[in-house]
Structures are given as C-alpha cells and as structure tokens.
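Undergrad: Produce the entire structure from the sequences given, and follow the hints as far as they go.
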Amino acid sequence: MLAVEQGDIGVVGLAASGILVAVAVAISLWRQLGLERSLLWAALRALVQLLAVGWVLQFVVDPDDPLVFSVLWLLAMVSFAAYTTSRRAADVPKVLPLSLLAYTASAIVVLGVLFGFGIYELEGRTLVPLAGMVIGNSLAATVLVSRQLLIAAIEQRNVIEARLALGLSSTEAFRPHLRQALRTALVPQIESTKAVGIVFLPGAMVGLILAGVDPADAVKVQVSVMYLVLGSVATTTAVMSLGISRELFTPAQQLRRPAQRTDG
Amino acid sequence: MSSPDAFELLDVDAGPVDGDPILRGIDLVVPANGVTVLAGPSGAGKSTLLRLLNRLDDPVGGEVRWRGRTLTDWSPTELRRQVAMVFQRPPIFPGTVFENLQVASADVGVDRAAHVLEHVGLSAELLDHEADTLSGGEAQRMCVARALLTEPAVLLADEPTAALDRAARVTVEDLGRMLADSGMAVIWVSHDTDQLRRLADHVIVLADGAVRAVGHLAELDASTDPIVRQSVGAP
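Chains as they are written, first to last, in the numbering used here: chain A, 1 to 264; chain B, 1 to 235.
Honestly, I wouldn't trust all of these hints.
[Unchecked claim] So, partial list: chain B residues that the calculated Cβ filter (under 7 Å) puts toward chain A:
hint	residue
1	R55
2	L56
3	T77
4	R80
5	R81
6	P91
7	Q102
8	A104
9	L148
10	A153
Please keep in mind that the hints were generated in silico from the structure rather than gathered at the bench.
Remember, it's a predicted structure, so these values are computed and weren't measured experimentally.
All C-beta atoms in this analysis are idealised placements derived from N, C-alpha and C, irrespective of residue type, glycine included.
TA: As structure tokens, this is what we get:
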C-alpha cells in the first residue's frame, strides 16, 4: 500500500498515479482517437512544468528569503498573463497595455484586501499562490470580455452608430454592449460559485484535504479563495472592458473601424 | 441656392485613413432647404459624403462647415442632435417602440411620444409594441420619429427606402417630403431615379469620388453628360 503521510505521496506514489495516464492512452488506442502522443506529451509537460515551478517556488516562498523575490514572481505572472491575453485577443486595440493595467489593478485590489485586512499573512508562501489564483482565474474571462467587445463593435456597428447619430456619447452608445460582455464573462463564474460543494469540490480544497488539513479549515481557505476569484474576475474584466471601450471610439465620439491588417 | 443651413465642403478628401480616398478634392455647397438628393453610381461616395455631415466620419483632408463653423468646432453630440440621420436598414434598439424613442430623449413623455409617432404616420398604439415586431416600413418611420425627438434642423437619410417594399417606400418618401415642406432640410441618398424625380428639389450627382453635377432637376435633365443623365433618369 502507498501510504499518504503529511501530504507527501512520494516518488513511487507519483509514478503510480501515472497509471491513470496509461488508462487514457489505452482508451485512445482502443477507440483509435489518435491522441496517444498528445496525452503523453501533455502529461509529461505538466510534470516537468510543475516540478520546475515547485523547485523555484521553494526559494520564493522560503520565509528566510526577502519578499522581493515573490514580488518579482508576481510581476512575471502579470506580464505573462498580459502577453497571453494579447496573443489570444490580438485584434483588440491596445490589448497589451490594457491587459497589463487590468491584471495589475486586480492584483492590487484583491491582494490589498487579503493582506490589508490580515486575512492572510503577507509572505512569499501566501503572496505567490494567491496572486496566481487572481491572475490565472481572470485570464479566461479577460480574453472572453475582450473578444466580446470587439465582436459587438463589429457586428452591432449599425446600432451603435444609430445611437451616436441620436447625439448620444460613445459611452452611452456602447453601454448596452459593455454590459452584455461583462455579464457574459461574469455569469459562468457566478454559476460555478453557486454550484460549489454540490456539483464539485474545488481543487484547492481537495488539495488541502489530501495534504492532511482539517476539512473545516480547508473550507475556510477555499471560501476565501472563491471570493478572491470572483473579485479578481470582476475587477480585471471591468478595467479591461472600460479601457477597450475607450479605445474603440475616437475623441469625436466616432466608432473606429477595425484595424486594417497590414500583414501578408 | 445657399441657405444658412447649407453645408460647405472645402477641398475634402474622405475615406479610410490608411487606404485610397473615396472622395477626392470635393468643393461643394450642399443646399439645406427642401429635399437634396445625392445621386450617382454605386461606389461614387454618396454615403461617405453623407456621413461627413454629422461627423460619423471625419474627412482625411479639407474642411466641412455648417452654419459658418467648421464641424470640428462643434461638439459632436450637439451637432448630431441638430443634424439627425436615418439609415438604409432601420437600426432597432431592444425593447418597445416607446423605449426606442426614449433613447433619443430620455425624458420624453407618453403624450409627446404618441404625437411624434402620429407625425410620421404611425398609430400611437404601437408605443407598447416590441420594436422588432414592426414591419420594415414601420420600423423606418419609427427611426425617423426617434430622430425627430432631438428637434433637428437637418435630416440625413442614407438610402432609407432601399430595404423596403414598394408600398412602404412610398410612405417613407411622403414622410421625407412632408418634413421638407415643414421647413426641415432633408439630404437624401438614393440611386432610385424614379424616387429622385419624385422627391428632389436639388440634385448632386457624384461619380468616382468627385462632384459631377449640381442643380435643379430641370438643369440636370438638360445635361449632355451621360453619367449625369443616367443618374437622374433624364427622359
């Protein structure tokens, strides 16, 4: 038997959990899905990436190390998230600076509350994972809201210009589309927050319980993490969408045309 | 021909910022009394010109003036409330007809809304109807009513009947005529020559991004330029 003690599954345990990858590969072979290589590659990449992160994190979260390493780590995460967003919503105007601003604002607001009210103690081992939750969970919603706004500006152009033609400001003319995009980005988060505990057990809580933490304590941490995710998704998408809305219009309240592609 | 509400275009180039201009070196006075029809072949730049007049677009070169002031000196929102616009496909906002009218004038009362609806030939009973249930002709007239709520001096109409059937086309044309007769300047893009001959007090013919002819219908009928004759349906 593999015994779990103090949350350490050991190398043997880790290797044994690889049996489950083998199950997935076997299913792929059996049903001729052609996904064996992808599955193995994904499993290997996850292992290597997490081992590397874990190794670096050891230094970052070491209580003896100055907090500056954690802050550098945070800055790197913000930059990487902004870069990823700009890749995935490439046609959105000023997407890179806006997403940098959005993730930074979200990190300041959310981490400000968590540490400002002493909910968590400010140290490497709390700052880095919490900032990771802020940014990681906001990424998908931020990309979604960015794309939604751009699509609205293109597909609803006639309605937006009709509002402008009635003498509405660009803010007023775009407000219904902004509201819709923000709702689209936030509703899935609200739904999954409502379903938590009933439909699924969140990863952080599962991890804590497996690592030997009292479930009651694990719940408290999990709830604070869920609120953190809600707050960070709301903040990031709000900053992003307000910024994009401004970029879509000229100072003369004209809806800009989508940037002409100059490649090719 | 010039009136206080006339638009003056001085050496105007217009079109995409980073592409070939659609309008080139336009010097023109667009009369703003009665109905002025902008005519000409497809791609001549009629809609492009119209959109300059309420600053939905700005020219890439030159200057547009109205009431003696260059348009960039106007607040865009103030200008657009005085120079209203209706479009080829009537843009319906979500909600009822009344809610559509409220977009133009947030504090419009039911009485005024009913009155403006009747003014464009629609029943006040439609106020409670969902706007997306209106027929094409009704929707276009509702859009005119919506535009009238800002009490404009000029109405720009970008092929307002192109998407309508014949019966609806006539009602919208009659509405344009009525508004012009009541003192509002109407500037109307059309490439329907029958419509042009029914409506136009003044005609501007554009072709290839340049002004080909300006004048009353009778003057243009006498033109020897085949493009002008074709654009106005000269007999």
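Undergrad: Hint validation: B:Q102 versus chain A, beta carbon distance must be below 7 Å. Holds or violated?
TA: 11 Å, violated
Undergrad: Against chain A, is B:T77 within 7 Å by beta-carbon distance?
TA: Since chain A brings a Cβ to about 5 Å from B:T77, closer than 7 Å, the hint holds.
Undergrad: Does the nearest C-beta of chain A fall within a distance shorter than 7 Å of the C-beta of B:R55?
TA: 6 Å, holds
Undergrad: Using the nearest Cβ pair, does B:L148 come within less than 7 Å of chain A?
TA: Violated. Min distance 11 Å.
Undergrad: Would the hint on B:L56 be counted as holding, given a Cβ-Cβ threshold of 7 Å to chain A?
TA: 6 Å, holds
Undergrad: Taking 7 Å as the limit, does the beta-carbon of B:R81 come near enough to a beta-carbon in chain A?
TA: Result: holds, 4 Å to nearest chain A Cβ.
Undergrad: Can you verify the interface hint for B:A153: is its Cβ closer than 7 Å to any Cβ in chain A?
TA: Hint on B:A153: violated, closest Cβ of chain A at ~13 Å, above 7 Å.
Undergrad: Minimum Cβ distance from B:R80 to chain A below 7 Å?
TA: 4 Å, holds
Undergrad: Would you settle whether the hint for B:A104 is holds or violated, based on the nearest Cβ-Cβ distance to chain A being less than 7 Å?
TA: At about 5 Å, which falls below the 7 Å cut-off, the nearest Cβ of chain A leaves the hint on B:A104 intact, so it holds.
Undergrad: Taking the least C-beta to C-beta distance, is B:P91 closer than 7 Å to chain A?
TA: 4 Å, holds
When held up to the earlier numbered hints, the structure conflicts with 7, 9, 10 and fits the remainder.
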